[in-house]
Each structure stands twice: as C-alpha cells, then as structure tokens.
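Asks: Keeping their order, the protein sequence lines are chains A and B. If you count the first sequence from 1, position 386 lands on 809 in the working numbering, and the numbers rise without skipping. If you count the second sequence from 1, position 542 lands on 965 in the working numbering, and the numbers rise without skipping.
Careful, some of the hints might be misleading.
Identical copies go unnamed one by one, so any copy, or any two together, can satisfy a pair.
Derived DSS-like pairs: lysine-lysine, alpha-carbon spacing no greater than 25 angstroms straight-line [to be verified]: (1) K951 with K938; (2) K425 with K531; (3) K964 with K711; (4) K625 with K564.
What the hints contain is simulated information worked out from the structure, not anything from laboratory work. Nothing here was measured: the structure is a model prediction, and the numbers come from that model.
2 protein chains.
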Amino acid sequence: MKIALAQLDYHVGNFEKNTSKIIHAISEAKKDGVDIIAFAELAICGYPAWDFLEFDDFINRCEASIREIAVHCIGIAAIIGGPSRNPVPEGKNLYNTAFFLNNGNVEKLIHKTLLPTYDVFDEYRYFEPNTAFACVDYKGKKIAVTICEDLWNLDDDPMYTINPMDYLIKEKPDFAINIAASPFSYTHDASRVNVLSRNAAKYNIPFFYVNHTGAQTELIFDGASMVAHPDGTIIKLPVFEEKISIFNLDEICTGKYPEYTAPQKYALITSALVEGIRDYFHKMGFKKAVLGLSGGIDSAVVFALAVKALGKENVLPVLLPSPYTSDASNLEAIEMAKRLGTDHKIISIASITSSYESVLKPLFEGFEPGLAEENLQARSRGTLLMALSNKLGYILINTSNKSEIAVGYSTLYGDSIGAFSVLGDLYKTEVYELANYINATENNPIPEFIITRPPSAELRPGQKDSDSLPPYKILDEILFEYIENRKGPKEIIAQGHEEETVQRILKLVNASEYKRFQAPPILRVSEKAFGVGRRLPIVAKYLS
Amino acid sequence: MKIALAQLDYHVGNFEKNTSKIIHAISEAKKDGVDIIAFAELAICGYPAWDFLEFDDFINRCEASIREIAVHCIGIAAIIGGPSRNPVPEGKNLYNTAFFLNNGNVEKLIHKTLLPTYDVFDEYRYFEPNTAFACVDYKGKKIAVTICEDLWNLDDDPMYTINPMDYLIKEKPDFAINIAASPFSYTHDASRVNVLSRNAAKYNIPFFYVNHTGAQTELIFDGASMVAHPDGTIIKLPVFEEKISIFNLDEICTGKYPEYTAPQKYALITSALVEGIRDYFHKMGFKKAVLGLSGGIDSAVVFALAVKALGKENVLPVLLPSPYTSDASNLEAIEMAKRLGTDHKIISIASITSSYESVLKPLFEGFEPGLAEENLQARSRGTLLMALSNKLGYILINTSNKSEIAVGYSTLYGDSIGAFSVLGDLYKTEVYELANYINATENNPIPEFIITRPPSAELRPGQKDSDSLPPYKILDEILFEYIENRKGPKEIIAQGHEEETVQRILKLVNASEYKRFQAPPILRVSEKAFGVGRRLPIVAKYLS
Chain A
424 MKIALAQLDY HVGNFEKNTS KIIHAISEAK KDGVDIIAFA ELAICGYPAW
474 DFLEFDDFIN RCEASIREIA VHCIGIAAII GGPSRNPVPE GKNLYNTAFF
524 LNNGNVEKLI HKTLLPTYDV FDEYRYFEPN TAFACVDYKG KKIAVTICED
574 LWNLDDDPMY TINPMDYLIK EKPDFAINIA ASPFSYTHDA SRVNVLSRNA
624 AKYNIPFFYV NHTGAQTELI FDGASMVAHP DGTIIKLPVF EEKISIFNLD
674 EICTGKYPEY TAPQKYALIT SALVEGIRDY FHKMGFKKAV LGLSGGIDSA
724 VVFALAVKAL GKENVLPVLL PSPYTSDASN LEAIEMAKRL GTDHKIISIA
774 SITSSYESVL KPLFEGFEPG LAEENLQARS RGTLLMALSN KLGYILINTS
824 NKSEIAVGYS TLYGDSIGAF SVLGDLYKTE VYELANYINA TENNPIPEFI
874 ITRPPSAELR PGQKDSDSLP PYKILDEILF EYIENRKGPK EIIAQGHEEE
924 TVQRILKLVN ASEYKRFQAP PILRVSEKAF GVGRRLPIVA KYLS
Chain B
424 MKIALAQLDY HVGNFEKNTS KIIHAISEAK KDGVDIIAFA ELAICGYPAW
474 DFLEFDDFIN RCEASIREIA VHCIGIAAII GGPSRNPVPE GKNLYNTAFF
524 LNNGNVEKLI HKTLLPTYDV FDEYRYFEPN TAFACVDYKG KKIAVTICED
574 LWNLDDDPMY TINPMDYLIK EKPDFAINIA ASPFSYTHDA SRVNVLSRNA
624 AKYNIPFFYV NHTGAQTELI FDGASMVAHP DGTIIKLPVF EEKISIFNLD
674 EICTGKYPEY TAPQKYALIT SALVEGIRDY FHKMGFKKAV LGLSGGIDSA
724 VVFALAVKAL GKENVLPVLL PSPYTSDASN LEAIEMAKRL GTDHKIISIA
774 SITSSYESVL KPLFEGFEPG LAEENLQARS RGTLLMALSN KLGYILINTS
824 NKSEIAVGYS TLYGDSIGAF SVLGDLYKTE VYELANYINA TENNPIPEFI
874 ITRPPSAELR PGQKDSDSLP PYKILDEILF EYIENRKGPK EIIAQGHEEE
924 TVQRILKLVN ASEYKRFQAP PILRVSEKAF GVGRRLPIVA KYLS
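Please put together the full structure from these sequences, using the hints given.
Replies: Shown next, in the form of structure tokens:
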C-alpha cells in the first residue's frame, strides 16, 4: 500500500486556494499510484480559523470544499481535516474532523477526542470532543486515524483522562495516521519525534504524521511530518517547505534512512522567522517592508532577516537620529545597509521633537525633563515610520525583543509599533546568539561593533540599558523562569537569584501587561510567547 | 434558616484585600444570625484570573486564603468560589470549586461541571469538568450547590451534554445556591432572570444566586444577585454596587416583594460604563484622566461619563485643533467643559504636522497628499495626549466607537490609542442614543449642536463620515448582523441590504483585524465586544 503525506501551506479562509491545492495534490498522487493521501488537520479552512468557525457561512464553505474534493477521490482515498457539524443538539455545534474520502464520497468521519485548550490553542471553544472510536477499513488494511493532540496524552501528569489509541488498538490496526496542526517552537520538533516514537513503540505499529507548513500571522508551522516505526526508525519530511512524500507501507523499515538529528536551535529559529516574515507578506498581498534601523542589535537582526525573507530590493531601513544618537550608531547602520545592498533613508527627528516641546512648554512648566521627553523621541520615530508606510505602501516591521517587552522597556505607540514583531519571542541574550549565527552563516551582514557595543536606547546622553536593568544574562534567566516555566518569586529566589531583583523584575512584568495588550502580533518561536498564548488581566495586582 | 448573599467587588490577584473583605462579611453576617453566607465564583482570587491560574504560587495563595477564611466559619457556614487542585494526575490540574466552609474547616468541595469556553470565557483552559454530584447537608437542610454555567444548559441547542441539577435534584434538596461570575451586557440581566426562574420552576425549589460587582479591565460585573422562587417571584439585589442581603428561607415567598422590571438599556449602559471607568482607575491606583475633546459626539459622551465616574476635578479635556478643525468644534468643546465645570487645554497641532511634512518632503516628492497626511494629524494628537499623560500622570481614555473600530475608520497609534476604550462596544447609533439619555438625565452636559451636526473626522476640508461610509443606521445594522449575530453575507443580503454595501462592509471589517489586534481593552457592554471575546486571525482571507 502506497501512502502519501501532503505537507502543505494553507491560507486561513482562502477556500479557493486551499481546495485547488488539495485537489492538485490528489491528482498528482493518483498518477504516482498512491493508495491513500493524508492532509493536515483543518486543512480545508486553514489553522487557526478561530471565531470564523462560529459563522454558519464559513462552515458551509468548508462543506462545499469537502464535496468538491471528494469527487476527485476515485481510485485513491484521502484523509483531510476540516470542521463538521455535530448532528445532535447537545454539546458544541462542531467536531474537529478527519474526513475519509473514497469512491467520490465522504465515507467516514473521525472526530478529534482530545481538544487542546491552553497556550495558543482554543479548540474546546469550538468543538465537541469525540467519544466513539473505530478504525478505517481500506483495501484490506485497518487504519487508526487520530488528530494531533489525540496522541499527546502520554505524560505522568496527562491533561486528559483517556487515550484514543487505547480504544483503536483493540481493532488491531495495521498502521496509524495522525493529521496535525502543530505550530513551531524551537523545542517542539524534538517533542514531536519523542511523542511519535513512543506511540509507535507502545502500540507497535507504524505512525504516519502530517503537519502544516507556512505561517498564519504569529503561528509558524514547520511541517516536519514523519513516519515513526516501532523499531525506532524516524523518517522525516523537510522543515519549512511544502512537500508531498510517498511511502510504501511494506518498505518503511529497511534501515536505509539516515538517523534523525534535530537541527541546531538558531538554524531552526532563523528558518522560522524568515518563513514568518515571508508568509505574512505573501498572505496579506504585500511586497515591501520598512523598519527603523538604530545601529543597535535588535533592528540589525530584524533587518538581516527581512532581507533574507523578502529580498534586498524590498526592504527599506530608515535611520531616525536624534541629538542623542551617537555617530557610531549612524555609521554602523549605514555600513550594514551597504553590506546588505539595500537603499536607506535618514530622517533627523530633532525638528519634530522641538515642535512638540515648544507647544507643550506652557503645560510642562515646572517639570524636569524626563520620561515624557524620551517617549516623544520614540513616538516621533513611530509616526515617521508609519507615514512612510502609509505613503509608500511599505509594511512596518517591529524590532522589539522579548526582554524589553517583558519588563515594559519600550514606548507604547513608539518603538513598540509595527504590523508584527520578529524578535518579540526572543530574549536579548538569544538575539545576540542569533546575530552571531546569522553572521556565521550569511557572510557577516551585521557589523561587529553592533554586536559588541553596550546596549542603549540612546534617549538621553550616555544612557545604557544596564543603568536601569540587571545584566541581560540575569534578567533573561529570571524572565524565562517566570514566563516559560511559570515559577513564582519564591521558586526563582530559591534558584539563587537575588530577592530584590526578582521582586522588582516580576513586578515590572506584571505592571507592563497594559503595554503588551496593545503590542503587535509576535512571531512565536518558544513554548510561551507573549500574545494569544499568554492571557493576563491588566488590572490584576498579583506580585505588582 | 437565614441565608446571606454577599455581592462584592473583588480585585484579581489582590489576596489581602479579597480575603479581608470576605472575612469582614462573614463576621457581620454572623452578628446578624446568618446560618450560611454565599460568595461569588472564584471570589478568592477574583475573576478572570486567566493565566495566573497556571502559577503554582498563585494557587498556593488561593489555598492560604481559604484556610484563613475557614477559621472564621464557626457558628456560620460559608460557600466561597476558588480554584482547587485536582488530586489525580489525569485531567487538568485544577477544578473551579465552591468551598463549603463550616466548623472552622473546609468540609466539602463542589466542582463546576459546565465550563464556559466561548466569547470572553476560557474555563476549560484551566479546569477539569466535574463528574460527581452530591448535595451539601447543613443544619437539617439539603443544599444543591452549583457554579454559574452549571444552570445555563436549558436551550433547545444546549452547549453541553449534561445538566448538573438533574443529578442533584434526585437527593430532594430544600434549596439551591448558585455562585457566579457573570459579566454585564445590556441584555444579560434579562437572560439571568429568565434562567434562574426556569430553573426554580423546573426543579421546584428556591434558587439563591450571587454574582460579582465591579470591573476587571474590560469585564464589568453588575451584581444583580437574586433569589428565584418556584412561584415566579424574583427578589433582586441592586446592580453595580456591593451589597450583602439576608433572606429567611421560610419567608422568601410572601408576595411582599415588588415585581421585577428590567432597567432601561441606556440606564444600564451608563451605570456599566461609569463603573468600568471608576474601577479601572481605582484598581490601578490612578486618579486623573485626560482625553482629546474634538467637538464631536464620541469624545463628548466619553467626557461626560468620565466626569460622572471620576469627578470634574479629575478630568482634563484637551482640544487639539488643526487648520481643518471648524470654529464650531472648538467653541462647542469649550462650552461643554464649561457646562461640566472642568479645566481644559488647547494645543494647536499645526506646527507639529508642518514639522513632519517638512522632513518628509524629500521622501513624499511626487505623491499627492492623502491618507498619510491625515494620519499624521491623528498621530500628532495621540503623541501630545500621551506626552501629557507621561508628564502629568493622567491616564488617557480612548474615545473610539464600535462602528469605526469595526470598519477600521480610525488611525492606528492615532485616535485609536488610550489605556482603555469607553465606547468601543457601542455602535455610532447607540452613542447618539446614549448622548440623549445622558442629556435627559444629567442636566444637558452635551451641547445640542454636537448631537445634531453631521459626523466628521475633520482631517481634510469639508470631510464627512457619509463621504465614505453608508449612513450609520444602515452600517450599524449590517455590523450588528455580522458581529453580534455571526451572519454571513448571503443572510445579511437576504434581510434586505444592498449586496455591494454588505460585501464592502464585511471586507472592511475583516481587513481591519490588524488594527483591532493593537487596540486598547474595550469596556464590554454587549454580548459580543471586540477584544478577548472575539478572536480572529489577521492574515485570513475570508470575505476579504
């Protein structure tokens, strides 16, 4: 039996594109003699469709796509993810379903049992959990079909009370197919390999696993579809690209496949961010990007990634110096534009901040200059960048990092703006490592001085980040424990961090919730990114 | 048996304040001879605590509060909502629990069965649903205790497959207590009365219902706790205020209570918005507000509500005229500040927009003036208001309405900014009705001309909203069908709206998702507000 895994990039709500892509894949697979082809979870409508699933019209379009695709499933079967209506009134109105298409029809529906509702996942918001289990019979084989999370309930502290495979295995299936929508994080591929291997070993059958590629705003899908054999063999599809791979069921364990090794962290992150940038522009129908280039590390890394994603002719870096901007910042920024071969613009903000200060003078009488004046610089820059975006149709890319977003060291409506954030899920120390990785693999686009200089916002003379924050190594360790690991102050102090520093940092994080609420979407590369996957109430007083 | 309902305003994560408030209420009730006192769902930590529930430290603090409160429950019992740990590894780690406190101890835990996971609710994100049912035995009475949603599964298309009361009623309880966290919308109190009455009639016992008051950022709780008797009698606690009411179980149906009538829509909305403004400032520890006053209807209504909530000495309206601002706008805005007795400031933005245009001139060469220049005006205003906020410590209140937020007729980082939005859940036609209600009940703070003039953003000469949008009556009808009722284009056109208009409006709504992602939190007054209760993917292409 020939089994194809179709690892494709869908576009949420773009039924025409998704449907024709799926039909094309089925036709090609049929030519290659494939018996059954599997597409990802909710491939019909794209993932995540979120509240579009509440629209009857949206579900109608999903159903129309399924019918259109089914017609092409003659002489080949397909398994495709999509929403289906719950036929009984009790419970949620939809199931998250794998449609088994054969003989030109929908022959069977397999519903998802375990509905991830944590981090970026909201599936119980829309779907009723499945409670009935049966394998698919096809050409003399029994196939155990499950959907993503259905295989993930293996831990010592499992999130769900049942395991769908425990029911399906009773029918003695020949193999299993899992269709998934499993977004990238830099640790997630290793987790997936682990979960698939453990399932294959536990149930002693081969598992075929197919995932999405491409980015949907903040969620990036790396593909990394695979076959896991009970003997431990893992056969992987490539990451971050569309790919249809065909496997012969009788030949998947011949030992001819190379052993799987997980790629290096910053190689994965670079690919993910490039895909995230490229697919945002592609899916929104945009071509050109603009960003503020300060001579600091963050904007330098974003600039390099944007050029890699969009091409040097499509990225416009803009220098926005103030009187506090050092000559070195300007020179290094220009040098970087030269190295990458892009155009660049320079707009001094001095006359603009002066205009603001002049009209505000009567109202600011008696106050010392301070934060308000610093924020005026950041907001003047933001307004200029948005003016260029509005006039030229270039899309503004944000350059903030996760450390500063965490503690609120950014100006709301100033440097915190943009269509989306590239580095918002990377701590400052990770941004440095990423810069080094990019320089090592991309012919040194980032001038060394930008990497080695002490970080500064340059909003007043001689300002340095270290004036008001602990060293980034310490800050980032504390932030990681609080944000990724959800440790409280006692636990973080017990790890050896200074009590006063920990209390101050956690208070800063919680008190900055109002800024993050209005932040752009952040390309997610960690297990816990700011944004839709982390929900906290603004007026709360916990640790603040 | 004397039963007290404690309708209180908790503060999320503020354990010290919540605990002492609860203990105080228990002590007072004990003095009044109360046998059992009921507090709202998750009162211990406040609602919604969202992802703070993922922190072990946060749950420890909840447990410590419960222990502290239990000590005071001698000679009186209490039912209090809080999270509790799931003792078995399988399933989510927490339950949403009603703690029955008596004899100085936690004597029983009753877990929530039906976990709302839709709109602003995310409960399955944190909690395992209950599957075991038993009444509480206390002083010879059997009490059916349930938590909020547990009573709401009555419709023809019920969201859940079971009804907890169907199990509890088998024990023949004497009465029922439901502890709730049920946020305000202008239709919700009528729904609550309906649900409680139907439960009382169906199960033929009295239902005691206790809810939160106060606002937690965007969610406003109106209280409106009540007793529903099987004969149809409804006894209501007041709305939008803290109140502890004591009922004698034997006397709750003597017919001496006035018949319940739902308050008028704009009376409710006014109270809700005032509470929302006041409690945001109160819980964040702020006192003074600043807002841009344009001479248009939206900022006028926000101004009037802010003064009602915070006092005239705490609200600073700022006029930010450009050369396109009509004299009438300035004069009417000043007149309104005079009527309300506040200070006001005037800052002309002309010199600032000139500065921007002058530095941008070389880059804008060959382009006609247009949207970029209009947005510069809005962003200059935003930057000035934020400068005042930063310098004076006044909190900026946003003045956008739901219609313009829906179709994206606002400038990101311009007029869309602020700590929170007061009118963002009211369509333009509703803002007019609210203005008339305020004038009728508050001695005409809003000059008549502001209400009767044709709406305009005044960003270019002679501009009117009707140049680019259908009349607000039509626009708002289409938006309501799409946003509140989740109708698709076919269904809205079938209701009699022009096809081209419907297609254009729905496309505008979907294409503006990126702006709403970065909008401030919006005080929720309808059943479907923009913000946490409406989640849509930005890059999606559905209807756009």
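Asks: Each of the hints needs a verdict: does it hold here or not?
Replies: Against the structure, the hints:
no.	hint	verdict
1	K951 with K938	both (18 angstroms within a copy, 23 angstroms between copies)
2	K425 with K531	within (20 angstroms within a copy, 58 angstroms between copies)
3	K964 with K711	between (42 angstroms within a copy, 20 angstroms between copies)
4	K625 with K564	within (20 angstroms within a copy, 52 angstroms between copies)
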